[in-house]
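Number of protein chains: 2
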Amino acid sequence: MNNKIYFTPGPSELYPTVPQHMQTALQEKIGSISHRSKQFQEIFAHAVAGLRQLLQLPDTYEVLFLASATEVWERAIQNNVRQESFHLVNGSFSDRFFETALELGMKAQKHEVPFGEGFRLQDIAVPETAELVALIQNETSSGACIPVEDINRFREKAGADALLYVDAVSSLPYPAFDFEKVDAVYFSVQKCFGLPAGLGVWLLNKRCIARAEALAESGHVIGSYHSLPSLLSKAKVNQTVETPNVLGIYLLGKVLEDMNSKGVEQIRRETKAKADLLYAYLEQSRTFSPAVKNPAHRSPTTLVANTTVPASEVNKQLAAFDMAIGSGYGKYKESQIRIANFPAHSPQQVEALVAKLRELFG
Amino acid sequence: MNNKIYFTPGPSELYPTVPQHMQTALQEKIGSISHRSKQFQEIFAHAVAGLRQLLQLPDTYEVLFLASATEVWERAIQNNVRQESFHLVNGSFSDRFFETALELGMKAQKHEVPFGEGFRLQDIAVPETAELVALIQNETSSGACIPVEDINRFREKAGADALLYVDAVSSLPYPAFDFEKVDAVYFSVQKCFGLPAGLGVWLLNKRCIARAEALAESGHVIGSYHSLPSLLSKAKVNQTVETPNVLGIYLLGKVLEDMNSKGVEQIRRETKAKADLLYAYLEQSRTFSPAVKNPAHRSPTTLVANTTVPASEVNKQLAAFDMAIGSGYGKYKESQIRIANFPAHSPQQVEALVAKLRELFG
Numbered sequence: 001m002n003n004k005i006y007f008t009p010g011p012s013e014l015y016p017t018v019p020q021h022m023q024t025a026l027q028e029k030i031g032s033i034s035h036r037s038k039q040f041q042e043i044f045a046h047a048v049a050g051l052r053q054l055l056q057l058p059d060t061y062e063v064l065f066l067a068s069a070t071e072v073w074e075r076a077i078q079n080n081v082r083q084e085s086f087h088l089v090n091g092s093f094s095d096r097f098f099e100t101a102l103e104l105g106m107k108a109q110k111h112e113v114p115f116g117e118g119f120r121l122q123d124i125a126v127p128e129t130a131e132l133v134a135l136i137q138n139e140t141s142s143g144a145c146i147p148v149e150d151i152n153r154f155r156e157k158a159g160a161d162a163l164l165y166v167d168a169v170s171s172l173p174y175p176a177f178d179f180e181k182v183d184a185v186y187f188s189v190q191k192c193f194g195l196p197a198g199l200g201v202w203l204l205n206k207r208c209i210a211r212a213e214a215l216a217e218s219g220h221v222i223g224s225y226h227s228l229p230s231l232l233s234k235a236k237v238n239q240t241v242e243t244p245n246v247l248g249i250y251l252l253g254k255v256l257e258d259m260n261s262k263g264v265e266q267i268r269r270e271t272k273a274k275a276d277l278l279y280a281y282l283e284q285s286r287t288f289s290p291a292v293k294n295p296a297h298r299s300p301t302t303l304v305a306n307t308t309v310p311a312s313e314v315n316k317q318l319a320a321f322d323m324a325i326g327s328g329y330g331k332y333k334e335s336q337i338r339i340a341n342f343p344a345h346s347p348q349q350v351e352a353l354v355a356k357l358r359e360l361f362g
Numbered sequence: 001m002n003n004k005i006y007f008t009p010g011p012s013e014l015y016p017t018v019p020q021h022m023q024t025a026l027q028e029k030i031g032s033i034s035h036r037s038k039q040f041q042e043i044f045a046h047a048v049a050g051l052r053q054l055l056q057l058p059d060t061y062e063v064l065f066l067a068s069a070t071e072v073w074e075r076a077i078q079n080n081v082r083q084e085s086f087h088l089v090n091g092s093f094s095d096r097f098f099e100t101a102l103e104l105g106m107k108a109q110k111h112e113v114p115f116g117e118g119f120r121l122q123d124i125a126v127p128e129t130a131e132l133v134a135l136i137q138n139e140t141s142s143g144a145c146i147p148v149e150d151i152n153r154f155r156e157k158a159g160a161d162a163l164l165y166v167d168a169v170s171s172l173p174y175p176a177f178d179f180e181k182v183d184a185v186y187f188s189v190q191k192c193f194g195l196p197a198g199l200g201v202w203l204l205n206k207r208c209i210a211r212a213e214a215l216a217e218s219g220h221v222i223g224s225y226h227s228l229p230s231l232l233s234k235a236k237v238n239q240t241v242e243t244p245n246v247l248g249i250y251l252l253g254k255v256l257e258d259m260n261s262k263g264v265e266q267i268r269r270e271t272k273a274k275a276d277l278l279y280a281y282l283e284q285s286r287t288f289s290p291a292v293k294n295p296a297h298r299s300p301t302t303l304v305a306n307t308t309v310p311a312s313e314v315n316k317q318l319a320a321f322d323m324a325i326g327s328g329y330g331k332y333k334e335s336q337i338r339i340a341n342f343p344a345h346s347p348q349q350v351e352a353l354v355a356k357l358r359e360l361f362g
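Same order as they appear, the protein sequences are chains R and S. One point on numbering: in my numbering, the residue at position 244 of the first sequence is 244, and numbering is uninterrupted. One point on numbering: in my numbering, the residue at position 130 of the second sequence is 130, and numbering is uninterrupted.
Just so you know, not all the hints are guaranteed correct.
You can't tell identical chains apart in this list, so a pair holds if it fits in one copy or across any two.
[To be verified] Okay, derived cross-link-like pairs now, BS3-like style, lysine-lysine, Cα gap no bigger than 25 Å in a straight line:
id	residue 1	residue 2
1	331	234
2	333	356
3	38	4
4	316	38
5	206	29
6	356	316
7	333	234
8	206	157
9	38	331
10	29	4
11	262	234
12	316	331
No lab work stands behind these hints: they were computed from the structure.
Bound-form chain R, shown alone (with noise of 0.2 Å):
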């Protein structure tokens, strides 16, 4: 039996209702009903509204899944770019989505700031020619993100047909998103959604669909079983084109339920109350202090921190309280650590955390 309680940012905790839900999937054979049956379409579509309702998405956007967030920027990039798209820089994640465009053959430019700061609107020339524009609105690696209000003034900075792409990865449901203000955002259920890994949500709207149509059309070669177009002709009647991680849907389904019954706003409050409790935390410790200097800039959901005490040591000294956090990301693995704030984190996980790393760490 492991009664670790997991901070890392993902996978992460499961949410508490998962292991009933996992239940009910066993007793119900879910694993075992055709991808093409009714029941399938249902829980397809019951997944997709809970989506719809928590996030308020609007009619106009459609939702996909897909394997990983990390399919999203590859088929992103094969369906909405055909020559040139244009990158926030500032992590390891929003630099791997430049390079997933630069080895599918593209004209990728980058904006870079360093690991670990956020960016300011004034500085960023968003190219004219860009035809999509990669926001990473919350950095796992770095613990950085983007507020929303800066996130609603880039169709203002970009051209008429850029398409605005969202990384939510490891923020959604926490930033309320004007989607009218963008055209795709993308997420993965391991991190704020409490589920085990395999499933990437990509949602996106009308014109990322015809920039699809549009590149097919003049024989771009925009992929095969998930171009945009043959995940939507499946989508449409709450299908896969492939047989899915039927499982993590059901799951996906499931735990929105639940969340909606709490309400996104009592989510987002709980979350910004846990962040608020662990930053100033951060702030006064002898041992770590927070990554992201501009508190504007610093992630609600990933927080960073820097750390005296190398961060593998941190992590021996919690697992002897059934605690475990993240280490920093590449080459701060031991100079930083990652805590998540999820909403499977309860308040009270989150309290006896920071009570734990006063006590041991000061």
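Based on these hints, arrange chain S on the given structure of chain R.
Structure of chain S alone, referenced to chain R:
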């Protein structure tokens, strides 16, 4: 509580130990562990070792985890074909691999025989220029298969540089392949491995890897995160590029352990005995008859029969006795039935199905 036994051709009945492994996974919080942790590396290595043992896979082969077998089609074309592939087609899935190659801009050719027929080797001329030859060992839509001894003769029929790909999506571990005689074999876990869907497995040798490297070196775009070099760089350290379906890989390793302690020979013997029982019934039934005429080309794992009673009616009557079979594929939806004979289906369950079909339909 759903007590139905699923003889559907995948997703299908779960291997009987899956519920208990899922309980352990929940207790051990496998859904929360990092995909960069030592614990995950052990899970990955355990699944790979289990596959190597069960399939008697030579060391010259690599094992890669993708999201689905459908994804393998796309990655195979991207990484192993510059211009031209050649496909044996006798049903819907083999045709989709062919279509995938076309969608990705390749000059794909096919040797096609009618739905439900197998192939006569002497009729097949493999173009000398084909870089990849797609062999459909088991066509899940039609129930036709290619005997292993015929698979083994394609090396001499194809050009020296051709890579031989074998679709064993719904047959492995039944066919005892000579892996030296082919270059890649792939399957899905929701068929004969009795697992929830959401994982495709790609077995491939060094010739496939060398081809991908050569294509990349010449400036050909071979994809991004799931290009072969990218996949292999992580697989070498028992990791994946993206956060994968961790739970799926865990369950696969556990079921492989169970299958290995039973032994592949015993699994194959049982599969053969159950298939013989089913075909013997179908041949003498008043309602059903095997759809594949040539007994040598009849799949032992996905049995397809013509039916004079509509498939939906057959299933409706079986449902009263907690049994489900597959309907026919596509336009054969009502005129054919499909019966899965996977390792998860016990001899007793198959006997009970035959007895019930005989009682209800003669």
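Are the CA atoms of residue 38 and residue 331 at most 25 Å apart within a copy, between copies, both, or neither? between (49 Å within a copy, 18 Å between copies)
Checking residue 206 and residue 29: alpha-carbon separation at most 25 Å within a copy, between copies, both or neither? This pair counts as neither: shortest intra-copy Cα distance 36 Å, inter-copy 39 Å.
Taking 25 Å as the upper bound on the Cα-Cα distance, should residue 316 and residue 331 be classified as within, between, both, or neither? within (19 Å within a copy, 60 Å between copies)
Could you place residue 333 and residue 234 in one of the four classes (within, between, both, neither) given a Cα distance threshold of 25 Å? between (42 Å within a copy, 18 Å between copies)
Regarding residue 262 and residue 234, is the shortest C-alpha distance of 25 Å or less found within a copy, between copies, in both, or in neither? neither (31 Å within a copy, 39 Å between copies)
Between residue 206 and residue 157, at a C-alpha cutoff of 25 Å, which is it: within one copy, between copies, both, or neither? within (21 Å within a copy, 48 Å between copies)
Give the relationship of residue 29 and residue 4 under a CA distance limit of 25 Å: within one copy only, between copies only, both, or neither. Between copies, since 8 Å is at most 25 Å while 29 Å is not.
At most 25 Å between CA atoms: does that hold for residue 331 and residue 234 within a copy, between copies, both, or neither? Intra 42 Å, inter 18 Å, cutoff 25 Å: inter-copy only.
Is the C-alpha distance from residue 38 to residue 4 at most 25 Å within one copy, between copies, in both cases, or in neither? Classified as between; 16 Å across copies, 39 Å inside a copy.
Regarding residue 316 and residue 38, is the shortest C-alpha distance of 25 Å or less found within a copy, between copies, in both, or in neither? Between copies, since 14 Å is at most 25 Å while 49 Å is not.
At most 25 Å between alpha carbons: which applies to residue 356 and residue 316, within, between, both or neither? within (13 Å within a copy, 59 Å between copies)
With identical chains treated as interchangeable, where does the CA-CA distance between residue 333 and residue 356 reach 25 Å or less: within a copy, between copies, both, or neither? within (21 Å within a copy, 61 Å between copies)
Hints 5 and 11 from the earlier list are contradicted by this structure; the remaining hints agree with it.
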